[in-house]
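> Residue numbers (this note's numbering), protein chains in the order written: chain A, 1 to 235; chain B, 236 to 695.
Among the hints, a few may not be true.
To be verified - Pairwise CB distance ranges, derived in the manner of DEER restraints:
| # | chain 1 | residue 1 | chain 2 | residue 2 | range |
| --- | --- | --- | --- | --- | --- |
| 1 | B | Thr389 | A | Glu141 | 29 to 37 Å |
| 2 | B | Trp358 | A | Asn134 | 43 to 51 Å |
| 3 | B | Gly278 | A | Gln132 | 28 to 36 Å |
| 4 | B | Trp358 | A | Gly216 | 53 to 61 Å |
| 5 | B | Asn535 | A | Asp214 | 22 to 30 Å |
| 6 | B | Leu281 | A | Asp136 | 28 to 36 Å |
| 7 | B | Phe534 | A | Asn74 | 32 to 40 Å |
| 8 | B | Lys520 | A | Glu124 | 53 to 61 Å |
| 9 | B | Leu275 | A | Ala164 | 20 to 28 Å |
| 10 | A | Gln132 | B | Phe534 | 38 to 46 Å |
| 11 | B | Phe534 | A | Glu124 | 47 to 55 Å |
| 12 | B | Leu632 | A | Gly216 | 34 to 42 Å |
| 13 | A | Ala39 | B | Lys520 | 28 to 36 Å |
These are computed hints drawn from the structure, not numbers from a lab. Fair warning: this is a prediction, and the values are worked out from it, not measured in the lab. Positions of the beta carbon are idealized from the N, C-alpha and C atoms, including for glycine.
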Amino acid sequence: MPYRWGMAVDLDKCTGCEACVTACHAENNIPTVSPQQSARGRTMHWMRVERYYEGNFPDVRVKFRPVLCQHCDNAPCEAVCPTYAAHHNEDGLNAQVYNRCIGTRYCANACTYNVRFFNFFNPEWPKPLHLQLNPDVSVREVGVMEKCTFCVQRIKAAKTAAKAEKRAIVDGALQPACAQACPTTAIVFGDLNDPNSRVARLAQSSRGTKLLEDLGAEPKITYLQKQPWHESDTQ
Amino acid sequence: MNRTLNKPLADDLVRPLFNTSVWFYAVVLAAGTVVACGALAWGFQLWYGIGLSGKRWPTFWALYLTNFVFWIGISHAGTLISAILRLVNATWRRPVTRCAEVITVFALMIGAMFPIIHLGRPWLAFWLFPYPSAREIWPNFRSPLAWDFFAINTYLTGSVLFLFLPMIPDFALVRDRSTGWRRKVYGTLSFGWRGTTKQWNRLEMAMQIMAIAILPVAVSVHTIVSFDFSMANVPMWHSTIFGPYFVAGAIFSGIAGLIIAMAALRKALHLEHYLLPMHFENLGKLLLLMSILWAYFVFNERLTVWYGNEPHEMAVFWATQRGQYAPLYWTMVVGNFVLPMAILTNSKTRTILGCVIASCGVVVGMWLERFLIVVPSLTHKQLPYSWGTFSPTPVELFITAATFAAMLLLYTLFAKFVPIISIWELKAGDFVHAPQAGVVTADPHRIDAAPASSSPGAAS
């Protein structure tokens, strides 16, 4: 049976520390931009921690929600790409072929989660940070769309290793950078096709909701939370 | 031959081709400079990256797409109006058709630039084309952008034919009046036109076919442009009304563009005897009709959103109605509805000047309408955390200004090298040229009156 990678994020455990964001940047060679460019909305965070505030002062509670590509089964970004740069791969991932992207940015408009990011300029790293680039991940050039890959380089490596040993990937042995970095283990990653995997069981949890589920994109990330997320909570 | 009797008419209309006023050079120089600035701005953008424009996360489409939709809209002036007027055989159309058809071709050429200008990697734009490659990779035919490619190319091909066919007899006429290089060039362009009955019949037949064929193409092309938006699940884009709404808006802005172009031609080339107040009056009425139709569509779109009260859509609704985009929104309403209603409902103000003022309001209003469709939705998508904003940069503004200058430049050059009023069509109608008013002749240029041997404009 092919893999079907999914994720569960426990919002009750999330402290909003943003270790996942940092780990993601380091793992995936995501460029950082200057303060000026940041003010112009050119920052790229494949993973971001959204903050929503509840209640009135002084009774304020902050809710955190890490948002990354939801790897939708019915992804709106894929249909609109005129060059197949955004496509569904055999593991159910929303893959992005950087070399095939011509930069129409239509996928980013169609994405209801706004988790796609565009290289407005060629990426630059101040020395000596250019020496810390991850050799397993390509660096994207100007004019190309990019987004969370579920650390596809790790998935590929784990699949190759498992195939050499003629076994399936052990649940929990494969983690994307964000899950690995999370100090509260709020992020769980695994194979949704394996009914005994942690992520598959969490996906069935009564605490589970999907982000913007009613839009029908069938996202593969389950958010776990005691209370369901209400529209009225957002401000 | 009656050609001598018709000579003043033809003389008058080919005059701009042989005499050049200093204004021609002034306009070409001024418009050319602005176009060059725009080209330079695009060069910078190609060199440094699309980041030189104001686009940002999450406003990934902005002015370039606005210009794209706007210019494709303007292009509906021509072909559509001229095709309808031809099919219903409205005789007053005769001096108007070519001015309109030229707008179509040039506006399409300008509009079709923008999907390429806005690309992140424009040098790979050919990947949008369905060419057989060794790797057997085709464009994604599910993408509305691929549909755009086919729709716009079909429309461009059709409208070039539609423009070119009725120019053939006029090219022949210019050929026969010129010497040297002109004779060669116009001789080639006239495809050996001799004006035989057979040729006239074929031309009429071809025009009839093109006029019928171009109508569904014109309607479909702007519907497909609207699909770029309505196919995506973005608040206030995902709407069934977009197809007809875009087409109505396109015809609306097209008529406005046509009125402005005609008024400019009338002044610049002294065509007061051909482009009469009556033409402006008729087009003004059409503009008024389209203004009411446009308002009807906007009312429908806004009312259903407001009544449905869906939170994601309401965010966009209020942002345009009374939020940060409200000044632009209400300017649009004034330009597109209040101004045309105030000026064009009164026959006293439905003069040439009145029509031009109303048209300027409509052009501004329709550009804003396209902007207000593209941008506020993208800045107010479903997740409030990722709401954004947009402000244009000089590069974008230069390129936008250059498109208007390019239209002026191309139009000026066209009017310099081609009779901007279809001479044979004018003769074919019962048009009485002022200097020869009262002289009624059997016109050899009318098919029903043309003996087999007559060759209009080619009798030398």
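> Taking 29 to 37 Å as the stated bounds, is the beta-carbon spacing between Thr389/B and Glu141/A within them?
Taking Cβ atoms as reference, Thr389/B and Glu141/A lie about 33 Å apart, which means the hint holds.
> Within 47 to 55 Å or not, the Cβ separation of Phe534/B and Glu124/A?
Hint holds: Cβ distance 50 Å, inside 47 to 55 Å.
> Between Leu275/B and Ala164/A, does the beta-carbon spacing fit 20 to 28 Å?
56 Å, violated
> Within 43 to 51 Å or not, the Cβ separation of Trp358/B and Asn134/A?
28 Å Cβ-Cβ, so the 43 to 51 Å window is violated.
> Starting from the hint 53 to 61 Å, judge whether the C-beta atoms of Lys520/B and Glu124/A obey it.
59 Å, holds
> How does the Cβ-Cβ distance of Leu281/B and Asp136/A compare with 28 to 36 Å: does it lie in that range?
Check passed, 31 Å falls within 28 to 36 Å.
> Could you see if the CB distance from Gln132/A to Phe534/B stays within 38 to 46 Å?
58 Å, violated
> Cβ-Cβ distance between Ala39/A and Lys520/B: within 28 to 36 Å?
At 50 Å between Cβs, range violated.
> Given the hint of 28 to 36 Å, is the C-beta distance from Gly278/B to Gln132/A inside that range or not?
35 Å, holds
> Range hint 22 to 30 Å: satisfied by the CB atoms of Asn535/B and Asp214/A?
25 Å, holds
> Regarding Phe534/B and Asn74/A, is the given constraint of 32 to 40 Å on their beta-carbon distance met?
For Asn74/A against Phe534/B, whose Cβ atoms are near 34 Å apart, the range 32 to 40 Å holds.
> For the range 34 to 42 Å, tell me whether the beta carbons of Leu632/B and Gly216/A fit it or not.
Check passed, 39 Å falls within 34 to 42 Å.
Going through the hint list in order, the structure does not satisfy hints 2, 4, 9, 10 and 13.
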